[in-house]
Structures are given as C-alpha cells and as structure tokens.
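Using the hints, position chain B against chain A.
Take a look at the letters that make up each chain.
Protein chains: 2
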Amino acid sequence: MSNFDRDPILLTPGPLTTSLATKSAMLRDWGSWDSRFNAVTARVRERLTAIVNAEATHVCVPMQGSGTFSVEAAVNTIVPRDGHVLVLINGAYGRRMARLTEMMGRRLSTFETADDVPTTAADVARALDADASITHVGLIHCETSTGILNPLPEIAAAVATRGKSLIVDAMSSFGAIAIDAREVAFDALVAASGKCIEGPPGMGFVFVRRSVLERCAGNSTSLALDLYDQWAYMEKTTQWRYTPPTHVVVALDAALIQFEAQGGQPARLARYTANCETLVTGMGELGFRPFLDSHIQAPIIVTFHAPADSKYAFKEFYERVRDKGFILYPGKLTQLETFRVGCIGAIGPDEMRHAVNAVYDTLREMGIRQAAPAAVAAAIKAA
Amino acid sequence: MSNFDRDPILLTPGPLTTSLATKSAMLRDWGSWDSRFNAVTARVRERLTAIVNAEATHVCVPMQGSGTFSVEAAVNTIVPRDGHVLVLINGAYGRRMARLTEMMGRRLSTFETADDVPTTAADVARALDADASITHVGLIHCETSTGILNPLPEIAAAVATRGKSLIVDAMSSFGAIAIDAREVAFDALVAASGKCIEGPPGMGFVFVRRSVLERCAGNSTSLALDLYDQWAYMEKTTQWRYTPPTHVVVALDAALIQFEAQGGQPARLARYTANCETLVTGMGELGFRPFLDSHIQAPIIVTFHAPADSKYAFKEFYERVRDKGFILYPGKLTQLETFRVGCIGAIGPDEMRHAVNAVYDTLREMGIRQAAPAAVAAAIKAA
Numbered sequence: 001m002s003n004f005d006r007d008p009i010l011l012t013p014g015p016l017t018t019s020l021a022t023k024s025a026m027l028r029d030w031g032s033w034d035s036r037f038n039a040v041t042a043r044v045r046e047r048l049t050a051i052v053n054a055e056a057t058h059v060c061v062p063m064q065g066s067g068t069f070s071v072e073a074a075v076n077t078i079v080p081r082d083g084h085v086l087v088l089i090n091g092a093y094g095r096r097m098a099r100l101t102e103m104m105g106r107r108l109s110t111f112e113t114a115d116d117v118p119t120t121a122a123d124v125a126r127a128l129d130a131d132a133s134i135t136h137v138g139l140i141h142c143e144t145s146t147g148i149l150n151p152l153p154e155i156a157a158a159v160a161t162r163g164k165s166l167i168v169d170a171m172s173s174f175g176a177i178a179i180d181a182r183e184v185a186f187d188a189l190v191a192a193s194g195k196c197i198e199g200p201p202g203m204g205f206v207f208v209r210r211s212v213l214e215r216c217a218g219n220s221t222s223l224a225l226d227l228y229d230q231w232a233y234m235e236k237t238t239q240w241r242y243t244p245p246t247h248v249v250v251a252l253d254a255a256l257i258q259f260e261a262q263g264g265q266p267a268r269l270a271r272y273t274a275n276c277e278t279l280v281t282g283m284g285e286l287g288f289r290p291f292l293d294s295h296i297q298a299p300i301i302v303t304f305h306a307p308a309d310s311k312y313a314f315k316e317f318y319e320r321v322r323d324k325g326f327i328l329y330p331g332k333l334t335q336l337e338t339f340r341v342g343c344i345g346a347i348g349p350d351e352m353r354h355a356v357n358a359v360y361d362t363l364r365e366m367g368i369r370q371a372a373p374a375a376v377a378a379a380i381k382a383a
Numbered sequence: 001m002s003n004f005d006r007d008p009i010l011l012t013p014g015p016l017t018t019s020l021a022t023k024s025a026m027l028r029d030w031g032s033w034d035s036r037f038n039a040v041t042a043r044v045r046e047r048l049t050a051i052v053n054a055e056a057t058h059v060c061v062p063m064q065g066s067g068t069f070s071v072e073a074a075v076n077t078i079v080p081r082d083g084h085v086l087v088l089i090n091g092a093y094g095r096r097m098a099r100l101t102e103m104m105g106r107r108l109s110t111f112e113t114a115d116d117v118p119t120t121a122a123d124v125a126r127a128l129d130a131d132a133s134i135t136h137v138g139l140i141h142c143e144t145s146t147g148i149l150n151p152l153p154e155i156a157a158a159v160a161t162r163g164k165s166l167i168v169d170a171m172s173s174f175g176a177i178a179i180d181a182r183e184v185a186f187d188a189l190v191a192a193s194g195k196c197i198e199g200p201p202g203m204g205f206v207f208v209r210r211s212v213l214e215r216c217a218g219n220s221t222s223l224a225l226d227l228y229d230q231w232a233y234m235e236k237t238t239q240w241r242y243t244p245p246t247h248v249v250v251a252l253d254a255a256l257i258q259f260e261a262q263g264g265q266p267a268r269l270a271r272y273t274a275n276c277e278t279l280v281t282g283m284g285e286l287g288f289r290p291f292l293d294s295h296i297q298a299p300i301i302v303t304f305h306a307p308a309d310s311k312y313a314f315k316e317f318y319e320r321v322r323d324k325g326f327i328l329y330p331g332k333l334t335q336l337e338t339f340r341v342g343c344i345g346a347i348g349p350d351e352m353r354h355a356v357n358a359v360y361d362t363l364r365e366m367g368i369r370q371a372a373p374a375a376v377a378a379a380i381k382a383a
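So the sequence lines, in the order shown, correspond to chains A and B.
Numbering follows our numbering, in which position 65 of the first sequence is assigned residue number 65; successive positions increment by one, without gaps.
Numbering follows our numbering, in which position 177 of the second sequence is assigned residue number 177; successive positions increment by one, without gaps.
With the rest of the complex left out, here is chain A (with noise of 0.2 Å):
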C-alpha cells in the first residue's frame, strides 16, 4: 500500500472506507451561521429520518462528537433526574451505555447475557415486570464488539406494551439494517456519521419522538450533550448551537446523496450482505472460524477465531495484511483470542475476495498451516 502512496481499505466497523465524492465534498470551508450551510443541515436531518420513516413522529437532532456522545447524550436527555434504566448488555457497547449512565447520575440495573446470545424479548419482559420502577430501557441494536443482531422488534414491542421508554443504540445497524418508526416504538434511536451512511466520522444523531423531547428540558447534566437544547436552538435558528464539523456535515450531505442514489437501505443491506457472505465463504476456505452462529451474525463486522497454529500472532498478521492494503480490527473478546473484520463501507464483494487472498498470502509467509481454531484444529487432527 505505501509504495504507491494508496488508501488501504478499511475492513473497520466505522471510520470506515468512504467514496471520493464524499471526501472531496470536505475541500470546501463553509460559513456555520450562513443560510447556505444551514439548508444543508436541515436536508441531511431530513433524508436521516426518512431512512427510519420517522418524518411524522420523530425529530432527528444531530450531535457534534462520536457516536458516544450521541448516546450520552441521548441518556441524559431523555432520562429524568429519577429515571431509573435497565441496560441490555451483550458486549462492550451495553457496558459502556450502563458506564454512562451510572456516571451521570441515573439508577441502573442492567441484564446481561453471553456474548454469543442474543437479548430476547422474554428476558426484556422478565426484567420489566419484576422490576415496576424501572423507566427507561437501553438496547444496543447490533453490538460491534462481535456483530451479533439483538432482536430490535420484538424488544421494542416488549418494552412498549409495558409503558416503558426505549433508547437504542443503533450505531452499526442504521441505514443497512432495516428500522420502521412506524411499527418498531423508540423513544431515542442513536447512529452516527461514519457507519453505514458511509460518511466521515465527527457526529452523531439522535431520533427522538417529538412528544418526548419536548417534555425534556432540564433534564440533562451536562451543557454540551443536552439534546434538548440543541434541537431548541436548532428550531429557533435553524443553526447548530455551538459550532458544527461543517466539512464533517457536507460530507455526510454527499454520502446521502449517493445512499439515495444507490437505492437506500434495501440496496445497502444487500451489498453488506453480499461483502459478509464473500467474506466469511472466502475465510472459511481458509479454515477460518466465525465466532458467532450464522443466524444471530449482522452482516456489518464479523469476528474470526484465531488460529490455533502457534506461528499465528496478532500483530505480525494485522501488518502484514495491511501492508498489502486491507486494515483489519483487533478483536474485543477478554476471554478468546478472536480478530474482526468490517463488511461495511464504500466497498464491495470484490474488495472482501481481494481481502481474502490477502489473508491466505499472509498465512503462507507466516508459515501458518492451519487457520482454523483451537477445537476444530484438535477434532481434524482426531479425524
């Protein structure tokens, strides 16, 4: 990659590989308080809700910050000073959004299962009614640190038939993985820029019914991060309250052009797909291992055992692959050694097959005979 001075692919759940277009939107300087600037603003929150047909419930409240702040955000905001918020947690995304919460102040419970194992609604509905004082439930959608799928729908209905509030961390799934205002019932959605819009990083947004956030006020601890606040503004003024990532903002403009053009969340579920499925095919021939069923497995990031072979190390493998231009993810497992790749961004099948040959030319320099993991390598090995 470096001898030629070339951009290495992105196989990272966000940043993520974006489009020349998008980035070349960022070489203009734009005015925050001009009209200009503003009409972009508000057509970026427009087409963001149309993508969860939210226009007539929902308003979408932008964020400066990662996608983190947005939560944070989110959290403070919609929970009162007495709130008290169950956090479903199934990876490091639940645990952050619990971390959070306690930090400002909030009561918390959480309920936690495996990293293998999806949240149910049954679990959701267990927890609620044991629990009358609970107000508010923190779900995260696709948890990056394995890419399992919690089961957004049928949570939501759980929640909502019980007169609860649903925050949920959508952050990896929104703009591929299919989100209808109209039949699944949140309270506050969170994504940001740099997923599967295909955006730059620099902002996050919030999705929040109408009829909650204006009863909001107040309720934040923290200045920067009030939710409230920034969409009053924003109503008022039609400007960010305090300074936006303007170049940021135009670029996630021109990234939802192309969504748009590219045939929308429908069209980009499809080539995710197609980038997984060659993926995880293409390892597979390798011998490689997903740590996760192929049912719960979203196809944004997918996390691989690594192999049992004792020449296989981490580091060497990680540059050894970039060298040849394709950025992996470590893994974010304490108890398995596991690394993982993204299957989102500006690319597609073709770049995940490159991707593939890439790993197989780095296990032969490595002298790695045997991709496949501890067990499986053991059951071959018997056979």
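Hints may contain errors.
Restraint-style ranges between C-beta atoms, simulated for each label pair [unchecked claim]:
(1) B:Arg-215 <-> A:Glu-319: 32 to 40 Å
(2) B:Pro-80 <-> A:Glu-316: 23 to 31 Å
(3) B:Gln-258 <-> A:Arg-28: 14 to 22 Å
(4) B:Arg-353 <-> A:Leu-20: 31 to 39 Å
(5) B:Gln-258 <-> A:Gln-258: 50 to 58 Å
(6) A:Arg-182 <-> B:Leu-27: 49 to 57 Å
(7) B:Gln-258 <-> A:Asn-357: 35 to 43 Å
(8) B:Glu-365 <-> A:Asp-350: 24 to 32 Å
Quick list of in silico lysine-lysine cross-link-like pairs, DSS-like style, CA-CA up to 25 Å [to be verified]:
(9) A:Lys-332 <-> A:Lys-311
(10) B:Lys-236 <-> A:Lys-315
(11) B:Lys-311 <-> B:Lys-324
(12) A:Lys-315 <-> A:Lys-332
(13) A:Lys-311 <-> A:Lys-324
(14) A:Lys-332 <-> B:Lys-236
(15) B:Lys-315 <-> A:Lys-236
(16) B:Lys-311 <-> B:Lys-332
(17) B:Lys-332 <-> B:Lys-315
(18) A:Lys-236 <-> B:Lys-332
Derived from the structure by calculation, the hints contain no laboratory data.
Note that the Cβ used here is the ideal one computed from N, Cα and C, for glycine as well.
Below, chain B alone, put in the same frame as chain A:
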C-alpha cells in the same frame, strides 16, 4: 461568489477559511486503530503543546466535538465534585462556562464586568480574598462575543499566588496570542482545531497540568467528556478512546505543518494584526466605528457598531456582502446593534481590503450614506 462556484472568504471566528493543503488532507481515509493514524495523533499533540511551551509541565488531551465540549470536559475533569468555581464573565462565552459549571452540579460563583471592560487581576484578587471556599477560576482569554482580550498573565499570577487553580478558555487566542506555560500558571487551557491553527472544526484539546490530571480520576460526571479517562486510555494504547474525527485530525496535522513553516505564533500574530489594522482602517474610512477601544481589542475579531442610517438592515447588508464573496458575522450584544468581522483564517490583508471594498459597494447599493453609528452621526450633524 455563486456564479463561479467559488468559496466565500469566511470572516468568521471559526469555522474559518482553511488552506487548500489543509482541506486536501481530508481526501484520505484512516483506520482509527492503526499505528499510522496514532502517530499522527501523537505528532499533533506534541506540536500543539510546543506552541505554549508546556512540554515539561502539561499534557495535551484532544477531545471530539466543538470547543465548548472541551471547555465542559476541562471543568468536569479538573474540578472535584465539591469544588467551587469562580467564572469571570464579560461576554457570552463566560456566561456559557458558568452555565455548564452549574449544570454539572459544581458550586458556582461569578464575577461580571461589562462587555467592553476587561477583568483585571485586582478584581480577581478581591473576589478570591473575599471567599476562601473558591477552588478554581474560569477565564475567557479572548471573548469572541466582542473581541476583547482579558489580561491572562496578570490574572494567572493573582490566582496562582492564592493557591487556586486556573482554567482558561483560550479558544480564539491560542496560536495567535503568545501564551507561555513556563511563565503563566494554568492548570487547564482549552482551544480547538478550527481557530487560529486554521484547521477544520470538529475537535478541541486541553493542556492539563500533568500533576493535576493524575489526581482527576473519578471527578467527571460525564463518560464522553472525561479528560482523565481520555488521557489514560491514550497513554496506554496511543489511540483515542472513542472514534476520533480522523479527517479533522489529519487536516489539523497539515495545518500545524503550515503553521510552523510560516513562522509559528509570532508570524500568525503579525498576519492577524495586519488583517485587523487593514480592516479597522478601511472600515473607519467608510465611517464604521469599532465597539472596543483599540488597547483592549484582540486582532481576532472586531465588533463594529451598525450604521445609524435608516436604510441599514443587517440581513440585507450581510447577504449583499456575502454575494460579493465575504461571510460576515452577526453581533452578539443584546443592548447594541453591531456586527462582527473576523481577522483569522488562511487570509491576509489583501482579503481584508477586498472585504472592505465589498462593504463599500454594498453601502452604495443600499443607499447608505452614513456608516457611522448613531452617536457619531449625531455629532457630525451637530457640527
């Protein structure tokens, strides 16, 4: 401007006009986990720290979001839960620091002077001597609401003598006005990417005294805005804790390279001073009067009184000047009608002169014969 699809010159205090070299750096995608990107982050932190000669005493902690996010992070991280912050106010940014301090639940006192009156070291000494429970002092170095410069070195000495901790919002002064950490005692000093270093907006950074930061674990009530956690993670891993705005970071790196090549802070101050003088002289010839006395005017942004002429209306004036290629900035004073013109960004005296000419043409188009404010116009009429 729109005829030839050319960018306007931003006479705004951030976002501002950036160079093509800076914007071009955003034409690449970077993996936020990759060592090559982390080397950029490390280089940016080092270069920023060198600008205030703080290598021996302070660490530079970058933070996602606008400058306000970094101000809030500084207060929330540096001030213990039972701390008591005295915020010095002579404009909107001082009021903002007071508000965020109060919202996060820290005890707040304020000392306020008029928008055109700098806070003095004697004011601060008196306030601190009157209330021994104050632990921290918050100061805005250059108040962008008007462009007034507060005497940082003298105030810092008054605070240090009394054994208190100083938090400085140096958003619009850092990189242009000399600040030397070896001579000026501060525990935290905050600035952002899209100001006098002339990068794109999207991240801030805080120089925190290392010996202070080491004791700040557990202070913050916000996870996203916890500078201690951000710093500790970065020290351990070389990475940002949560997704960084990669394109903004590499553009800031490019801007810093240009900053140094152009002669660093002294050269930047000289250019902005020439910009400011060209502006004030040229606008003065048209009859415009600055709001501030020249000895308290920082060469960052100039507030002008609106013309007394009844044909003047800011919206039309702004749009006509914009259509000639220059983006002005509205006033931020509630009592007086004013507008502001920024002197910072990748622009020189030529651009300032062109802007003055565009203002002249606009006055003629609008039939405004008297650009002086009401008091001056009355005096001329009486003479």
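Status of each hint after checking the structure:
no.	hint	in the structure
1	B:Arg-215 <-> A:Glu-319: 32 to 40 Å	37 Å, holds
2	B:Pro-80 <-> A:Glu-316: 23 to 31 Å	45 Å, violated
3	B:Gln-258 <-> A:Arg-28: 14 to 22 Å	18 Å, holds
4	B:Arg-353 <-> A:Leu-20: 31 to 39 Å	37 Å, holds
5	B:Gln-258 <-> A:Gln-258: 50 to 58 Å	31 Å, violated
6	A:Arg-182 <-> B:Leu-27: 49 to 57 Å	39 Å, violated
7	B:Gln-258 <-> A:Asn-357: 35 to 43 Å	40 Å, holds
8	B:Glu-365 <-> A:Asp-350: 24 to 32 Å	56 Å, violated
9	A:Lys-332 <-> A:Lys-311	21 Å, holds
10	B:Lys-236 <-> A:Lys-315	17 Å, holds
11	B:Lys-311 <-> B:Lys-324	19 Å, holds
12	A:Lys-315 <-> A:Lys-332	14 Å, holds
13	A:Lys-311 <-> A:Lys-324	19 Å, holds
14	A:Lys-332 <-> B:Lys-236	16 Å, holds
15	B:Lys-315 <-> A:Lys-236	17 Å, holds
16	B:Lys-311 <-> B:Lys-332	21 Å, holds
17	B:Lys-332 <-> B:Lys-315	15 Å, holds
18	A:Lys-236 <-> B:Lys-332	16 Å, holds
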